[in-house]
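**Q** Single-letter residue listing:
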Amino acid sequence: MERLHIVLLIALMIALALALVRMRNLLAIAILSGVYSLLLAAVYTLLDAVDVAFTEAAVGAGITLTLMLAALSLTTRRETRPGGRAARRVLGLAVAFAAGAALVYASFDMPALGDAAAPIHNHVADRYIAEGPRDTGVPNIVTAVLASYRGYDTLGEVTVIFTAGIGVIALLWRWRRDEP
Amino acid sequence: MSDNVIVRVVVKMLAPFILLFALYVQLHGDYGPGGGFQAGVIFATGFIVYAIVFGVRRTIQALPFAAVTAMASLGLALYATVGFVALGLGGAFLDYGALDSRDPVHGQHVGIVLIELGVGVTVAGVLTAVFYTFAERRRR
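Protein sequences appear in the order of chains A and R.
Just so you know, the numbering used here puts 121 at position 117 of the first sequence, and the rest follows in order with no gaps.
Just so you know, the numbering used here puts 150 at position 137 of the second sequence, and the rest follows in order with no gaps.
Hints were generated in silico from the structure; no laboratory data involved.
It is possible that some hints are incorrect.
To be verified - Ranges between beta-carbon positions, derived for each pair: (1) A/Arg81 - R/Leu40: 36 to 42 Å; (2) R/Ile19 - A/Thr79: 19 to 25 Å; (3) A/Ala75 - R/Val23: 19 to 25 Å; (4) A/Val172 - R/Leu40: 26 to 32 Å; (5) R/Val22 - A/Leu78: 42 to 48 Å.
Since we're looking at a predicted model, the values are computed, not measured.
Beta carbons are placed, not taken as given, at the ideal position from N, Cα and C, and that holds for glycine.
Okay, chain A solo, but in the shape it has when bound (with noise of 0.2 Å):
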């Protein structure tokens, strides 16, 4: 039943993501992937990984979605049409489709969802589902992991983070008080 669920969900993934192609109007564009966001966590949730589901509904819906309106305020609301030769079209026609076709074929190597044999089961995860909680004290095994095991990580991403702030505001703020 929730394999279902999933299916119906990335089958209407597509059918949003082909009609966002198709379409124009960026106000419209703006909204609609931020429903593709949300159904994403819906499958997310659907697979159990709450946390991931949390994440992309408030990055890809939420934030994304009020960044892009904002930038929608100071363009216009309507792409024109692509203009350039019909072969630079096929090519990029071309150039998306290898491309998927090549990740399509790597998927195949991916172990199978669910499989308790994948190596990713396989290393530390027992030890952290096991153990997580009575190290930590923290019963959402995600967080312990993120925060402690992986702490490292965790400063590093936020160093990153940091980082790409400062790069910003470096090049595009004005210090300059040239208005009262």
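Given the coordinates of chain A, assemble chain R onto it according to the supplied hints.
**A** What follows is chain R alone, placed relative to chain A:
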């Protein structure tokens, strides 16, 4: 900025609850889904939605640019400080168990809550600062 009265009323009513929800996600991350990153994103979204509807100028008055850049730095500093304090108390870097000499599990819990707070403050600060940066370029 929007002159649509429905948008203004709805955003004005929703904004405090968005911020409250962000605090819930932040402080409940050790028991439920979510954590510092998601909380920071939601917190920034609350301010950005307000800025889109009521203008960046009013939002910057409530939450100045200097404050959001300070948040971005202080969150990361808090995270690293927790690591160094653990180091100073005889543990390894970021080994929160050392934070409480009698009860390492409690030390772990304290460390996790503190670093999640650092993550949330930095993410909220960076996202709001980046939004301010782009919005201010348009205004001038």
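**Q** Next step is simple, just say for each hint if it's right about the structure.
**A** Hints versus structure:
1. A C-beta distance of roughly 39 Å is found between A/Arg81 and R/Leu40, which places it inside the suggested range of 36 to 42 Å.
2. Between R/Ile19 and A/Thr79 the C-beta distance comes to about 24 Å, which sits within the given range of 19 to 25 Å.
3. Judged by the Cβ atoms, the range 19 to 25 Å given for A/Ala75 and R/Val23 holds: they are separated by roughly 21 Å.
4. About 29 Å separates the C-beta atoms of A/Val172 and R/Leu40, a value consistent with the hinted range of 26 to 32 Å.
5. Checked against the hint of 42 to 48 Å, the C-beta distance between R/Val22 and A/Leu78 comes to roughly 25 Å, which is inconsistent with it.
In terms of the numbered hints stated before, the structure departs from hint 5 and from no other.
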